[in-house]
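A.B. asks: Residue numbers 1 to 430, in the numbering used here, belong to the letters of the sequence shown in order.
Hints in this document: simulated from the structure, not taken from any laboratory.
Each residue gets a CB set at the ideal place from its N, CA and C atoms; glycine is no exception.
Hints are supplied without guarantee of correctness; some may be wrong.
For each label pair, taking beta carbons as the anchor points, the in silico distance ranges come out as [claimed, not checked]:
| hint | residue 1 | residue 2 | range |
| --- | --- | --- | --- |
| 1 | N120 | V268 | 56 to 66 Å |
| 2 | A197 | Q266 | 31 to 41 Å |
| 3 | T123 | L384 | 57 to 67 Å |
| 4 | Y108 | T218 | 35 to 45 Å |
| 5 | E420 | E219 | 42 to 52 Å |
For lysine-lysine, the following DSS-like pairs were computed, each having C-alpha atoms within a straight-line distance of at most 30 Å [what the hints assert, rightly or not]:
| hint | residue 1 | residue 2 |
| --- | --- | --- |
| 6 | K276 | K412 |
| 7 | K221 | K276 |
| 8 | K276 | K212 |
| 9 | K212 | K412 |
| 10 | K221 | K429 |
| 11 | K212 | K129 |
| 12 | K412 | K221 |
| 13 | K327 | K429 |
| 14 | K276 | K429 |
| 15 | K212 | K429 |
| 16 | K429 | K412 |
| 17 | K412 | K327 |
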Amino acid sequence: MDNRFLLTVVFVAGVSLGWQGNVWWVTRQSEPPEQLSDNTQPPATQDDSNRQNHTGALELTIRTSADESSVNVDFSDPSTGQELTGVILSDTNTHALFTRLLHDRRYYDAMVLYQESSRNNGTTTDQLKRELLDHLSELSNIRNNSDFSDLIQNYLSIYYDDIDVLLLLAEFNQANGSYLEAADVYLLAKNYSYRVADQHNLLRHFSSFVDKTDRLYTEQKDWLSLINFYSHLETLGLMTSSHQFAQAIAHLGNGDRISAAGVLEQLVNDNLVGEKAANALAELSVHGGSTAISGDSVRGVSEAIALQQRGNQFLVDLTINRQDTVKLLIDTGASMTTLSQASFYSLPSSGVAIEQGRRVFHTANGVVQGTVYLVPEINLGPYLLTDTQVAVLDFDVVQGIDGLLGMNILGKFRFQIDQENRSLLLQRKE
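Take these sequences, add in the hints, and give me the full structure.
C.D. replies: Written out as C-alpha cells, the structure is:
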C-alpha cells in the first residue's frame with residue numbers, strides 16, 4: 001500500500017503531534033479556569049526573507065534588513081503611478097499595506113508581509129492579526145466562501161496551530177451546514193491547545209457547537225443525521241458521556257430501542273449521566289420488554305458487499321449515477337467521501353454533478369482546498385443514495401484507488417467489516 005496516498009488525503013485524525021490522551025477534554029468542562037501555562041509552542045514560520053510576487057495591480061518585494069532590525073519594501077502601484085524603493089515599514093504603513101493586500105485579495109503577499117512583521121515587531125503583528133481575524137469574519141458573514149478558503153489556506157499553511165483562526169474555520173463550516181467538517185477542525189484545534197486558556201476556550205466553543213447541532217437536527221426530527229453526527233464525534237475521540245446520552249436519545253427518536261439500550265448500558269456507572277441512563281433503561285424495560293442485544297441480529301439482516309484487501313486496508317466499489325464505478329478506500333476517520341481530481345473528471349457522468357463551492361480540508365500534508373459536488377445518485381451495493389456530497393481534491397492517485405469512502409456515506413448505515421470473509425456488512429439505519 002503506497003502510504004503517500006494516505007498521507008495526502010486522510011484527515012489529520014491520525015496525527016497525534018505528541019498530544020497524549022483525552023482527559024482534559026472530558027473532565028475539564030466542570031473545572032474552574034486555571035492560570036495560563038507558559039509552555040506555549042511558537043507557530044511555524046518559513047524563511048521568506050526575500051520573496052517576490054508580480055501579479056495583480058500592486059507589485060512588491062518585501063525583505064528584511066541584514067541585521068533583521070527593520071522590514072523594507074519596494075513596490076509600484078500602476079493605479080497611482082507610485083514607485084517606492086527601500087521603504088522602511090513603520091507600524092502605520094505596515095498595517096495600511098497589509099489591509100490593502102487583504103482587500104486586493106493578495107493573500108500570498110499579505111502572508112509574506114505578516115511573516116516579516118512577526119520577526120521584527122510583536123506589537124504590529126498583533127494589529128495585523130486583529131485585521132486578519134476581522135477580514136476573515138467579514139468574508140464568513142457575507143458567505144464569500146472562495147476568498148475565505150483562499151485566505152485561510154494561505155495563513156494556516158504557515159501558522160497551522162493558530163487556535164483563533166481554527167475556531168473561525170470551525171464556525172465557518174458550521175454556518176455552511178458542514179457539521180462533520182466542523183468537528184474535524186475542532187479535533188485539530190484540540191491537538192494544538194497547549195495553553196489551559198485555549199483549552200477552556202475550545203471546550204466552550206465545542207460544547208456550543210454540539211448543542212446547536214443537536215437542537216437543529218432534533219427540531220427537524222432528522223434522527224439519522226444526528227446519529228451520524230454523534231458517530232463521527234465518537235470516531236474522532238471527541239465524545240463525552242453527555243454526548244453519548246444524547247446519542248441514545250437520538251436512537252430512541254429514530255425508534256431504535258436496541259441501539260439506544262446498548263449506549264445506555266455503557267453509561268449506568270458514569271458519574272455524570274449514570275443515574276439518567278439507569279432511569280432510561282428501566283423505562284425501556286417496563287414499556288418494551290427485554291432490551292438484550294443479540295450479536296447476530298445485525299448480521300442476519302445485513303447486506304454483504306465484497307471488499308478487496310490492500311495490506312491492512314479494504315477497498316469497496318461505489319457506482320456513481322448508475323454508470324461509473326470507482327474504488328474507494330474505507331476510512332472511518334474521513335468525514336466526507338473523497339475522489340481525486342484525476343478520477344472524478346475522467347468519469348463520463350461527472351458533468352451531472354452539481355458544484356457546491358470550494359472548501360478547506362485538513363490533511364496530513366497540511367491545509368488544502370477542494371471542490372464539493374452534489375452527486376445525484378450513488379449505489380453502495382444494493383443501496384441507493386441520492387444527493388450525496390463528494391469532495392474532489394488534488395492528490396496523487398495510487399493505481400486502483402480513486403479516493404476515500406467517508407462517514408457521510410458510511411454513517412447512514414450500521415456497518416461492520418468482516419475481515420475473514422472480506423466483506424462489508426451494511427444495514428441501513430431506519
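A.B. asks: Taking the hints in turn, state whether each one holds.
C.D. replies: How the hints compare with the structure:
1. N120 <-> V268: 56 to 66 Å: holds, 59 Å
2. A197 <-> Q266: 31 to 41 Å: holds, 32 Å
3. T123 <-> L384: 57 to 67 Å: At roughly 59 Å between Cβ atoms, L384 and T123 fall inside 57 to 67 Å, so the hint holds.
4. Y108 <-> T218: 35 to 45 Å: Distance hint for Y108, T218 holds at roughly 43 Å.
5. E420 <-> E219: 42 to 52 Å: At 43 Å between Cβs, range holds.
6. K276 <-> K412: holds, 27 Å
7. K221 <-> K276: holds, 22 Å
8. K276 <-> K212: With Cα atoms ~22 Å apart, K276 and K212 stay inside 30 Å; holds.
9. K212 <-> K412: Status holds; Cα separation ~21 Å.
10. K221 <-> K429: Cα-Cα ~14 Å, so holds.
11. K212 <-> K129: holds, 28 Å
12. K412 <-> K221: With Cα atoms ~15 Å apart, K412 and K221 stay inside 30 Å; holds.
13. K327 <-> K429: Given that 30 Å is the threshold and the Cα spacing comes to 24 Å, the pair holds.
14. K276 <-> K429: Between K276 and K429 the Cα gap is close to 25 Å, so the pair holds against 30 Å.
15. K212 <-> K429: Distance of about 23 Å is within 30 Å: holds.
16. K429 <-> K412: Answer holds: K429 to K412 is near 6 Å, not above 30 Å.
17. K412 <-> K327: holds, 19 Å
Checked against the numbered hints given earlier, the structure satisfies every one of them.
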